[in-house]
Amino acid sequence: MRAWPGSSTARRPPPRSSTMLGPIGVHLTRTGPEAFEVMALRSFAVSLWTDLMEMAAEYNG
Numbered sequence: 138m139r140a141w142p143g144s145s146t147a148r149r150p151p152p153r154s155s156t157m158l159g160p161i162g163v164h165l166t167r168t169g170p171e172a173f174e175v176m177a178l179r180s181f182a183v184s185l186w187t188d189l190m191e192m193a194a195e196y197n198g
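In my numbering, the protein residues as written are 138 to 198.
Treat the hints as calculated values from the structure; they're not laboratory data.
Just so you know, these numbers come straight off a predicted model, no measurement behind them.
Backbone N, C-alpha and C fix where the C-beta goes; we use that ideal spot for every residue, glycine too.
Some hints here could point you the wrong way.
As the list claims (entries may be wrong) - The calculated label-pair distances, taken between Cβ atoms and stated as ranges, are:
#	residue 1	residue 2	range
1	Pro-160	Ala-194	12 to 22 Å
2	His-164	Ala-193	12 to 22 Å
3	Arg-149	Glu-191	25 to 35 Å
4	Arg-149	Ser-184	24 to 34 Å
5	Tyr-196	Thr-156	15 to 25 Å
Could you build the full structure based on these sequences and the hints that come with them?
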């Protein structure tokens, strides 16, 4: 029997989604309140990292 959502015994999988990050398909999984795991095909890893660093530069001041 499943526990009701919000109960102390509820076991829910982490929130996750598939989406596009620019032209790259990624899988996002929330691993903490302000932490995410981003997965993409290995062949897109360098492009994804470069794009993420460029996007983050706006917030690094």
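Here's how the hints hold up against the structure:
{"no.": "1", "hint": "Pro-160 / Ala-194: 12 to 22 Å", "in the structure": "holds (19 Å)"}
{"no.": "2", "hint": "His-164 / Ala-193: 12 to 22 Å", "in the structure": "holds (19 Å)"}
{"no.": "3", "hint": "Arg-149 / Glu-191: 25 to 35 Å", "in the structure": "holds (34 Å)"}
{"no.": "4", "hint": "Arg-149 / Ser-184: 24 to 34 Å", "in the structure": "holds (33 Å)"}
{"no.": "5", "hint": "Tyr-196 / Thr-156: 15 to 25 Å", "in the structure": "holds (20 Å)"}
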